[in-house]
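*Asks:* Chain residues, written in single-letter form:
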Amino acid sequence: MTQIQKTERGKRENKLEPVLKVRDLKVFYDTPQGDVLAVNGINFNLYEGETLGLVGESGCGKSTAAYGILRLVQEPGRVVGGNVYLDDTDLMALDEGEFRRLRWTKLALIPQGAMNSLNPTMRVHAQIADAIRTHEGRQSKAALKERILELFRTVGLPARVYDMYPHELSGGMKQRVCVAMGIALNPSVVIADESTSALDVVVQRVVAQTLIKVKELLGVSMIMIGHDMGLMAQMVDRIAVMYAGKIVEIAPVRNLFKDPMHPYSQVLIDSIPSLKEKKPLKITEGITHDPRNPPPGCIFQLRCPHVMDVCRTEEPPLRELKTRQEVACHLYELSADGEVQRVASPT
Amino acid sequence: MSQALLDIRNATKIYQVGGGMFKDKREVVALQDFNLTIADKPATITTIAGESGSGKTTLANLVLGFTSLSKGNIIFQGKDTADMSPAEVIDYRRNVQAVFQDPFGVYNPFYRIEHIFDMVIKNFKLAKSTADVRERIEAALNVVGLRGEDILRKYPHQLSGGQRQRIMMARAYLIKPKLIVADEPVSMVDASLRAAILDVMLRLRDEENISFLYITHDLSTAYQVGDQIYILYQGSIAEKGLTTKVIDTPKHPYVQLLVDSVPEPDPDTKWDMDIELPDEETMRAGDAKGCRFYPRCPKGWEHCLSAAPPLYKIDSVDHEASCYLYEANEAAD
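Going down the list, the sequences are from chains A and B.
Taking the numbering used here, the leading residue of the first sequence gets 1, the next gets one more, and so forth.
Taking the numbering used here, the leading residue of the second sequence gets 1, the next gets one more, and so forth.
Careful, some of the hints might be misleading.
Unchecked claim - Cut-off 27 Å, straight-line C-alpha distance, at most; resulting in silico cross-link-like pairs (BS3-like, lysine-lysine):
| id | chain 1 | residue 1 | chain 2 | residue 2 |
| --- | --- | --- | --- | --- |
| 1 | A | Lys-276 | B | Lys-299 |
| 2 | B | Lys-122 | B | Lys-154 |
| 3 | A | Lys-278 | B | Lys-245 |
| 4 | A | Lys-276 | B | Lys-313 |
| 5 | B | Lys-245 | A | Lys-279 |
| 6 | B | Lys-245 | A | Lys-282 |
| 7 | A | Lys-278 | B | Lys-270 |
| 8 | A | Lys-258 | A | Lys-215 |
| 9 | A | Lys-278 | B | Lys-41 |
| 10 | B | Lys-41 | B | Lys-176 |
| 11 | B | Lys-289 | B | Lys-23 |
| 12 | A | Lys-106 | A | Lys-215 |
| 13 | A | Lys-258 | B | Lys-313 |
| 14 | A | Lys-215 | B | Lys-270 |
| 15 | A | Lys-213 | B | Lys-270 |
| 16 | B | Lys-245 | B | Lys-299 |
| 17 | B | Lys-25 | B | Lys-245 |
| 18 | A | Lys-279 | A | Lys-258 |
| 19 | A | Lys-106 | A | Lys-145 |
| 20 | B | Lys-313 | A | Lys-278 |
| 21 | B | Lys-245 | A | Lys-276 |
| 22 | A | Lys-279 | B | Lys-154 |
| 23 | A | Lys-276 | B | Lys-270 |
Don't read these hints as lab results, they were simulated from the structure.
Just so you know, these numbers come straight off a predicted model, no measurement behind them.
Let the hints inform the model, and build the full structure from the sequences given.
*Replies:* Right under this line is the structure:
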């Protein structure tokens, strides 16, 4: 990498402080046949006020990564290694009690299935009050009620939801209750795990707009996990593309849509069905490796249309090829003057 | 016009829900006076789209014979499915096959993949000899781009969702049906593998003359492969017509909202306005007399509450919308 680029990047990082830094995070699942390498050493920064999308197909480790960051990985999974820094506090070094205090107040999760994450026997307000009281101690009922109603206004829920049970709410409303709970304690980082994917298109749009509004209002930084590229284009600032436990590309959302560089990102962008023009279908074969035994070298080699010899032996590092666009692929080379060149294809 | 392959007339399905010792039963209208025709030739992909609760899966279940109609008829090649003799029913089941949403749930994890094919061949007595069996299975797998030696001896958990879904297509094809009811066949498959399944649908349509009833909530895949589209809203057709035409120039306010809400995969084109949803109770007001979309409709007026709007012709023969905005147009028959 050239000197110029380095200083440029240094400047930017001075201006934009990362709130959350993930370094070499590894989460494995124990199976009788060996460990499944669900998240195998991922690195990224989440900057203040930004929304980072984490995309990839099912089983690529995107949700596991989130649960790893939140230290919510359950047996048979375990965090094998790595560090997660939240404002310079290493989350992995904290003991359970210390971490519990951080979760919700600093780091909140908006879960995937809102249907299953609310307690069916508790009224909505009681669940939110519970979370607030656990972290902040006892407080007057009137103040608590006012605060919960304020949260409802923020996420666009009518006040009468206060006394309702979860089963009385529609899917979109339940999801908004989860958003309200997520932001109840003013966290600095919110992780939204497929928060809109089980909803109908129109309702999805309402919830997505709620999330955008809440984010702008509170200035939180957000990690959005999902697989719907259309939704990503609408909502995020940067995208990290995951494949089989690795991040293969991180780029500003515009770059990733206009000029995806990693072959897997290209497949992902190509396979978005359009509502504007009828295009011939692009078919990619999909035989993935056994997640317990990733092949040596590049993680995408078995499906890659441009695979070369070097891909089978050497793992490509994630490096910045264009401004803020980091790619893990042997296809590109940086020349001495910082130009990106494509390595001649073997075929 | 020649005889239609599938002709659904005034199909109505009412479910009785609730009802305990002290509660009265409630009626939920899942599908109301639904009409649909699939021509015998050429084979087409007909999309049924709508949100959850719009009645699209009820329609699939009716066509597949899992539930029976409360009113109306389903006529297959000129024969009403309600009046079929046992032999005709078997013939109907051979001709109408299904592919379901969940490629993980339809397999019995204890059996190898070949078991699925063996069962089909046995049940429908398709083959005469073992060699014939192998040949037919291989041919069916080749149509979906798979090879027998790769997958037949495997167990379901050893295959990807995309492969499993293509195997279900191969299974359906093996019987050489006239119609495949595909209920959300790609919604649980990863984006990069969806194209392969949609491509199988196109090839079965074009090369094998098999029609599809493609049930989905995803307008973009319908736009890419579908011929005709029916968009349902709470059990009734909101709009129907050629897929490209309906999606390019939607007429019904609900369909306009729906098309507009599909997130555009382009960071430079963002949603341009906020929308609000009315309360759940108003939205689901099932006994309201008029247009069911009225509580959410930005263009609603008193007239909409008088009676449910019939389908009105838009411009071409096929494009129809059930909205009083087009009352000046001719009513569709």
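*Asks:* Hint by hint, say whether it matches the structure.
*Replies:* Cross-check of the supplied hints:
no. : hint                  : in the structure
1   : A:Lys-276 / B:Lys-299 : holds (25 Å)
2   : B:Lys-122 / B:Lys-154 : holds (20 Å)
3   : A:Lys-278 / B:Lys-245 : holds (12 Å)
4   : A:Lys-276 / B:Lys-313 : holds (24 Å)
5   : B:Lys-245 / A:Lys-279 : holds (16 Å)
6   : B:Lys-245 / A:Lys-282 : holds (23 Å)
7   : A:Lys-278 / B:Lys-270 : holds (21 Å)
8   : A:Lys-258 / A:Lys-215 : holds (25 Å)
9   : A:Lys-278 / B:Lys-41  : holds (23 Å)
10  : B:Lys-41 / B:Lys-176  : holds (15 Å)
11  : B:Lys-289 / B:Lys-23  : holds (24 Å)
12  : A:Lys-106 / A:Lys-215 : holds (14 Å)
13  : A:Lys-258 / B:Lys-313 : violated (40 Å)
14  : A:Lys-215 / B:Lys-270 : holds (16 Å)
15  : A:Lys-213 / B:Lys-270 : holds (14 Å)
16  : B:Lys-245 / B:Lys-299 : holds (22 Å)
17  : B:Lys-25 / B:Lys-245  : violated (42 Å)
18  : A:Lys-279 / A:Lys-258 : holds (17 Å)
19  : A:Lys-106 / A:Lys-145 : holds (22 Å)
20  : B:Lys-313 / A:Lys-278 : holds (25 Å)
21  : B:Lys-245 / A:Lys-276 : holds (11 Å)
22  : A:Lys-279 / B:Lys-154 : violated (34 Å)
23  : A:Lys-276 / B:Lys-270 : holds (15 Å)
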